[in-house]
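Chains as they are written, first to last, in our numbering: chain C, 23 to 369; chain A, 299 to 538.
It is possible that some hints are incorrect.
[Said to hold, decoys possible] Facing chain C, a subset of chain A residues (Cβ under 7 angstroms, in silico):
1) 371
2) 376
3) 396
4) 400
5) 409
6) 418
7) 420
8) 532
[As the list claims (entries may be wrong)] Interface residues of chain A toward chain C, partial, derived using beta-carbon atoms under 8 angstroms:
9) 353
10) 389
11) 407
12) 408
13) 426
14) 435
The set of hints was computed from the structure by calculation and includes no laboratory data. Glycine is no exception: its CB is placed at the ideal position from the N, C-alpha and C atoms.
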Amino acid sequence: MNATIALFLAQDGIINGAIYALLGVALVLVFAVTRVIFVPQGEFVAWGALTVAALEAGTVPGTAWLLAVLGLAAALLEVVRERHAMSVAKVAVMVVRDVALPFALLGLVIWAAPMRLGLAVYVLVTLVLLVPMGPLIYRLAFQPLADAPVLVLFIAAIGVHFSLLGLGLVFFGAEGFRNTPFLDMSFPLGPMMVKAQSVWIVVVTLLLLAALYAFFERTLLGKALRATAVNRLGARLVGIPVRATGRMAFALAAAIGAVSGILIGPLTTIYYDSGFLIGLKGFVAAIIAGLASYPLTALAALLVGMLESFSAFFASAFKEVIVFSLLIPVLVWRSFAAGHHDDEEEE
Amino acid sequence: MSAHILEVSGLFVSYGRVEAVRGVSLSIPVGGIVTVIGANGAGKSTLMNAIMGVLPSRGEVLFQGRPLGRSLVEARVGEGVCLVPEKRELFAAMTVQDNLQLGAYRLGRSAVAGGMEEVFARFPRLKERRGQLAGTLSGGERQMLAMGRALMSRPRLLMLDEPSLGLAPLIVREIFRIVTDLRKDGVSILLVEQNARAALQVADEAYVMELGEITLHGPASQLAADSRVIESYLGLGARH
Ligand SMILES: Nc1ncnc2c1ncn2[C@@H]1O[C@H](COP(=O)(O)OP(=O)(O)OP(=O)(O)O)[C@@H](O)[C@H]1O
Ligand SMILES: [Mg+2]
Numbered sequence: 023m024n025a026t027i028a029l030f031l032a033q034d035g036i037i038n039g040a041i042y043a044l045l046g047v048a049l050v051l052v053f054a055v056t057r058v059i060f061v062p063q064g065e066f067v068a069w070g071a072l073t074v075a076a077l078e079a080g081t082v083p084g085t086a087w088l089l090a091v092l093g094l095a096a097a098l099l100e101v102v103r104e105r106h107a108m109s110v111a112k113v114a115v116m117v118v119r120d121v122a123l124p125f126a127l128l129g130l131v132i133w134a135a136p137m138r139l140g141l142a143v144y145v146l147v148t149l150v151l152l153v154p155m156g157p158l159i160y161r162l163a164f165q166p167l168a169d170a171p172v173l174v175l176f177i178a179a180i181g182v183h184f185s186l187l188g189l190g191l192v193f194f195g196a197e198g199f200r201n202t203p204f205l206d207m208s209f210p211l212g213p214m215m216v217k218a219q220s221v222w223i224v225v226v227t228l229l230l231l232a233a234l235y236a237f238f239e240r241t242l243l244g245k246a247l248r249a250t251a252v253n254r255l256g257a258r259l260v261g262i263p264v265r266a267t268g269r270m271a272f273a274l275a276a277a278i279g280a281v282s283g284i285l286i287g288p289l290t291t292i293y294y295d296s297g298f299l300i301g302l303k304g305f306v307a308a309i310i311a312g313l314a315s316y317p318l319t320a321l322a323a324l325l326v327g328m329l330e331s332f333s334a335f336f337a338s339a340f341k342e343v344i345v346f347s348l349l350i351p352v353l354v355w356r357s358f359a360a361g362h363h364d365d366e367e368e369e
Numbered sequence: 299m300s301a302h303i304l305e306v307s308g309l310f311v312s313y314g315r316v317e318a319v320r321g322v323s324l325s326i327p328v329g330g331i332v333t334v335i336g337a338n339g340a341g342k343s344t345l346m347n348a349i350m351g352v353l354p355s356r357g358e359v360l361f362q363g364r365p366l367g368r369s370l371v372e373a374r375v376g377e378g379v380c381l382v383p384e385k386r387e388l389f390a391a392m393t394v395q396d397n398l399q400l401g402a403y404r405l406g407r408s409a410v411a412g413g414m415e416e417v418f419a420r421f422p423r424l425k426e427r428r429g430q431l432a433g434t435l436s437g438g439e440r441q442m443l444a445m446g447r448a449l450m451s452r453p454r455l456l457m458l459d460e461p462s463l464g465l466a467p468l469i470v471r472e473i474f475r476i477v478t479d480l481r482k483d484g485v486s487i488l489l490v491e492q493n494a495r496a497a498l499q500v501a502d503e504a505y506v507m508e509l510g511e512i513t514l515h516g517p518a519s520q521l522a523a524d525s526r527v528i529e530s531y532l533g534l535g536a537r538h
């Protein structure tokens, strides 16, 4: 291996690491606020890329239909479940927000899809379709289980993952897509060529991480999310609506997943089931950081990305094995560390 | 509007098969201080948690004349009910300042600055420690923070579960002064205290709770003179 190859691999590692960092941070966020290990995170990545691909092809993405169906299901379920505590006003709000709005959106997409309005519009539409799915999935699958143990929530998350995977196959087919890059150019950096799309990914990632940091440290709503994570009962006692913060966390996770998918869509071919493996690597990073620290998760993600790209070069057949084996020493070390700090970590 | 801010009637709360509160009725006049005294395990905390909506209960709870029904804790906070629970439930991994800010969550950001000034004026100790994580505070400082966080929400009905637990006498006096001050601002208070003597001194009305039931009720001064109360809860007579 020479320096050029090393640089090339490092570039790859940084890009992958950036995406894993976003996904890892989203997983930590969702887990902290709702105790759900958000296995379907990867589906949002795949759908982000595939929804843009469908729009580029001038077709109606299946996700537009799915949003309408999910909205209808969530509204129906909630009316049935909470019929004793439902006011007319509340039902009206739900009908507008969960049923009318998604169907209006679907109509709009069907009408506008053949017009090919350009990449910026596709990205916007993709986000508008995918972000509300996060809270809808939370309401359908996890809110009713809010007080269940972590294991039950995890099993529910796996169930959701498989259903979404199946829906992805129905909507997008088994075919893979590669999207048009935002910036189709490259420039030389030392001995190698850097794709502008790669720089774009790193910049967007850094901006998103900075925005998330500011949100959690500076805004009352961000602090309310952290408070829900730290002490759920305490949060309720100061009047933080913990269901709403749960939905908020899922919306952020859906947004982060969709953005990741939109970013990597032009760099690699995405299939309906590509998301899981990508999400899993974000998960590895989150686990290395103990599902708790955002900065540590981002760092670990960079490590995972680097390890992946270098092992792809040295032992490409074992690339995934090497990345996932990283978990073993980390977990062993964590279990030792936990043994010593048991009493301190209560609360 | 009724003269009572809170009216509880026939309240039952159970943990599985064990009934910890059995048919309790109690009411708190607007701007009044009511205390519930009783031995350990009598069901005082359970009663408060049920009123707050933390625990499910049977029976009727009227707040400002309207039934609270099955509304969520966070909705009750929105109406102006606030509980300082026995275990305080602070945000351990967040700073003193963040804890206080979140106390005003239902009022929004605009209420934060003024409220914080007031709390710091009452508890200068918290001002010194405002950048410290709540989980690293001393026991007494934690109590002050719990009280401060509750005051930030400007409640109409404040329920205090043993607010003086583990505090030095000077701060205990401050807590009781706050309780009487709050009454002047029209806040109604439900107070549970191991220090029954002090509680009966500040309260207008008192209830005695035994094994989940109310056994005595009357003006606080009258109960303070009642021989059964003196014997069981004020620690005289029992010693001979
Ligand atoms: N989570 C629980 N599960 C089962 N039983 C409980 C639970 N919490 C309280 N209890 C029981 O209910 C009864 C009333 O408890 P509660 O905490 O209300 O008493 P208390 O009057 O506040 O006592 P103290 O003065 O010691 O704080 C006790 O017998 C207690 O053991
Ligand atoms: Mg108690």
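Consistency of the hints with the structure:
1. 371: holds, 4 angstroms
2. 376: holds, 6 angstroms
3. 396: holds, 6 angstroms
4. 400: Residue 400(A) check passes; min Cβ-Cβ to chain C is 5 angstroms, inside 7 angstroms.
5. 409: Since the shortest Cβ distance to chain C is 10 angstroms, the answer is violated.
6. 418: violated, 18 angstroms
7. 420: violated, 18 angstroms
8. 532: With a closest approach of 31 angstroms, the residue 532(A) hint is violated.
9. 353: Since chain C brings no Cβ nearer than about 11 angstroms to residue 353(A), farther than 8 angstroms, the hint is violated.
10. 389: Holds - the Cβ of residue 389(A) comes within 8 angstroms of chain C, reaching about 5 angstroms at its closest.
11. 407: holds, 5 angstroms
12. 408: The hint is violated - residue 408(A) has no Cβ within 8 angstroms of chain C, the shortest such distance being about 10 angstroms.
13. 426: violated, 21 angstroms
14. 435: violated, 12 angstroms
The structure fails hints 5, 6, 7, 8, 9, 12, 13 and 14 (numbered hints given earlier, in ascending order).
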